[in-house]
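Asker: Each chain is listed here by its residues.
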Amino acid sequence: MSMVEFKQVVKSFGSLTVLDKVDLSIEPGEVVVIIGPSGSGKSTLLRCINALETIQDGDILVDGRSVRGGKEEIHQIRLEAGMVFQQFNLFPQMTALENVMFGPINARGMKKAEARALAVQILGKVGLEAKANHSPAQLSGGQQQRVAIARALAIRPALMLFDEPTSALDPELRHEVLKVMRDLAAENMTMVVVTHEIEFARQVGSRLIFMEGGKIVHDGNPVELLSNPPSSRLKDFLQHVH
Amino acid sequence: MDFQWSVIWEALPNLLQGARLTILIAAVGLAGGLTLGALAGMVRTYGPKSLDWLARSYILLIRGTPLVVQVMFIYFALPIIAGVRIDGLTAAILSIIINSGAYVAEIVRGALLSIPKGLQEAGLAMGLPFRKVLRLIIGPLAFRRMIPALGNQCITSLKDTSLFIVIGVGELTRQGQEIMAENYRAVEIWTAVAVIYLLILTAMAYGLKYIEKRMPIL
Ligand SMILES: Nc1ncnc2c1ncn2[C@@H]1O[C@H](COP(=O)(O)OP(=O)(O)O)[C@@H](O)[C@H]1O
Ligand SMILES: [Mg+2]
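Sequences listed follow chains A and B, in order.
Residue numbering for the first sequence follows our numbering, starting at 4 and increasing by one per position.
Residue numbering for the second sequence follows our numbering, starting at 24 and increasing by one per position.
Calculated directly from the structure, the hints in this document are not laboratory data.
For every residue, glycine included, the Cβ atom is placed at its ideal position computed from N, Cα and C.
Some clues are possibly wrong.
To be verified - Straight-line alpha carbon distances no greater than 27 Å define the calculated DSSO-like cross-link-like pairs of lysine-lysine that follow:
hint: 1; chain 1: A; residue 1: Lys115; chain 2: B; residue 2: Lys72
hint: 2; chain 1: A; residue 1: Lys114; chain 2: B; residue 2: Lys155
hint: 3; chain 1: A; residue 1: Lys74; chain 2: B; residue 2: Lys140
hint: 4; chain 1: A; residue 1: Lys74; chain 2: B; residue 2: Lys155
hint: 5; chain 1: A; residue 1: Lys24; chain 2: A; residue 2: Lys74
hint: 6; chain 1: A; residue 1: Lys115; chain 2: A; residue 2: Lys128
hint: 7; chain 1: A; residue 1: Lys74; chain 2: A; residue 2: Lys128
hint: 8; chain 1: B; residue 1: Lys72; chain 2: A; residue 2: Lys74
As the list claims (entries may be wrong) - Where chain A lies over chain B, by a calculated footprint (3+ residues, C-beta under 8 Å):
hint: 9; region: 38-49
hint: 10; region: 131-142
hint: 11; region: 147-153
Starting from the given sequences, assemble the full structure and let the hints guide the process.
Answerer: As structure tokens, this is what we get:
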């Protein structure tokens with residue numbers, strides 16, 4: 004069974020159609036990188052997967068569960084799909100450790116001591132054990148984003164969604180976040196990544212999607228699409244992000 | 024003019040009695056007002072249209088009329104309409120509840136709206152129901168932002184209790200008024216009344232400062 008399956012998905016905000024009959028299926032272990040001009044619907048596509056946006060037509064199945072299946076289905080989908088945002092969105096009143104413990108305790112019902120042990124382990128994985136008791140405000144952007152990744156991983160998702168995870172970071176801080184994502188990909192995590200990091204797409208992506216105007220225009224092997232853009236639109240786009 | 028300390032000394036027991044009532048009305052009234060205001064504020068921010076309409080009307084009504092008119096209505100008009108007798112103290116407390124509740128509702132709404140949407144989404148995205156997101160993430164953050172404005176409301180409401188002189192509740196101002204009607208010592212009595220208010224409000228201001236320090240805005 005596919006991890007994610009879009010079937011003729013239509014998403015609109017009022018009269019503006021943002022996803023226009025999108026079909027897409029993502030298999031377990033794939034690293035799907037989504038690129039495209041601003042406003043093409045990349046974030047919306049990602050946010051529809053875990054029902055942060057409701058769709059108007061068609062259906063999306065996540066591990067066989069429909070985003071239109073009601074509260075309990077959506078709850079299960081969200082436990083299965085971790086999300087990382089461009090602006091980190093860490094809870095400012097909690098330390099790094101508390102941020103990571105939060106999901107296991109409150110979404111999974113895990114005991115505090117168990118959640119703490121898990122959080123320490125996952126913070127270690129993103130290289131931040133030493134910062135466990137720092138508050139988000141005391142961390143650099145790159146560190147905050149790594150905590151945010153740890154927080155998402157702590158609910159033990161089968162799928163990770165990244166919405167421009169490095170776009171709010173200074174160039175010299177991006178690599179530490181990209182490295183964590185690389186490590187995740189190496190562990191066979193299924194990932195959907197909206198990004199402008201073309202090198203990441205080339206090296207880590209198993210699949211590249213180019214979106215424009217709410218439609219998937221290209222969908223294929225990253226190395227092939229990037230070295231031989233099949234359309235002038237993609238070629239132009241690539242010249243602009245470089 | 025001779026300022027006679029003995030006048031104050033004699034009046035003190037009654038004035039302190041009044042101060043106690045002032046504090047009681049303000050404390051119970053504000054506890055109710057904060058609860059009512061929190062509910063109305065959440066309804067205004069997240070509630071369905073029908074309930075929002077109710078909350079809006081309530082706020083419009085209370086903010087659009089003076090407190091004295093509100094307490095007069097509760098004390099004199101409500102018994103006629105509803106056929107229940109309401110004593111002065113109950114009317115005073117009810118007035119503070121409904122009056123402060125309307126202002127608190129707007130404070131709560133403003134603070135809830137000021138919390139970045141992304142935090143709510145981060146909570147929802149990890150599988151929490153909205154209630155939990157509100158209780159565990161947005162609520163505590165919003166509360167910190169409300170503290171200065173809520174503090175102002177507490178101070179205002181405490182001073183508003185002096186208006187209950189109009190329905191004869193023996194709070195601090197009323198006590199001063201009654202003592203002065205007997206001994207005509209306006210200077211001593213109103214000085215004493217003012218100093219007692221000042222002490223109560225200064226204590227409140229320090230309490231608020233302490234809370235603000237312990238729970239800084241993030
Ligand atoms: N909540 C919203 N309300 C109205 N329009 C929106 C909303 N979110 C996104 N849009 C619009 O949908 C389109 C696609 O947005 P988005 O998915 O964020 O694009 P991208 O991530 O590719 O830049 C844009 O035109 C944007 O203005
Ligand atoms: Mg976007």
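Asker: Would you mind marking each hint as holding or not holding in the structure?
Answerer: Hint by hint, here is what the structure shows:
| no. | hint | in the structure |
| --- | --- | --- |
| 1 | A:Lys115 to B:Lys72 | 39 Å, violated |
| 2 | A:Lys114 to B:Lys155 | 17 Å, holds |
| 3 | A:Lys74 to B:Lys140 | 21 Å, holds |
| 4 | A:Lys74 to B:Lys155 | 14 Å, holds |
| 5 | A:Lys24 to A:Lys74 | 24 Å, holds |
| 6 | A:Lys115 to A:Lys128 | 20 Å, holds |
| 7 | A:Lys74 to A:Lys128 | 32 Å, violated |
| 8 | B:Lys72 to A:Lys74 | 21 Å, holds |
| 9 | 38-49 | violated (count 0) |
| 10 | 131-142 | holds (count 3) |
| 11 | 147-153 | holds (count 6) |
Consistency with the previously given hints fails for numbers 1, 7 and 9, ordered from lowest to highest.
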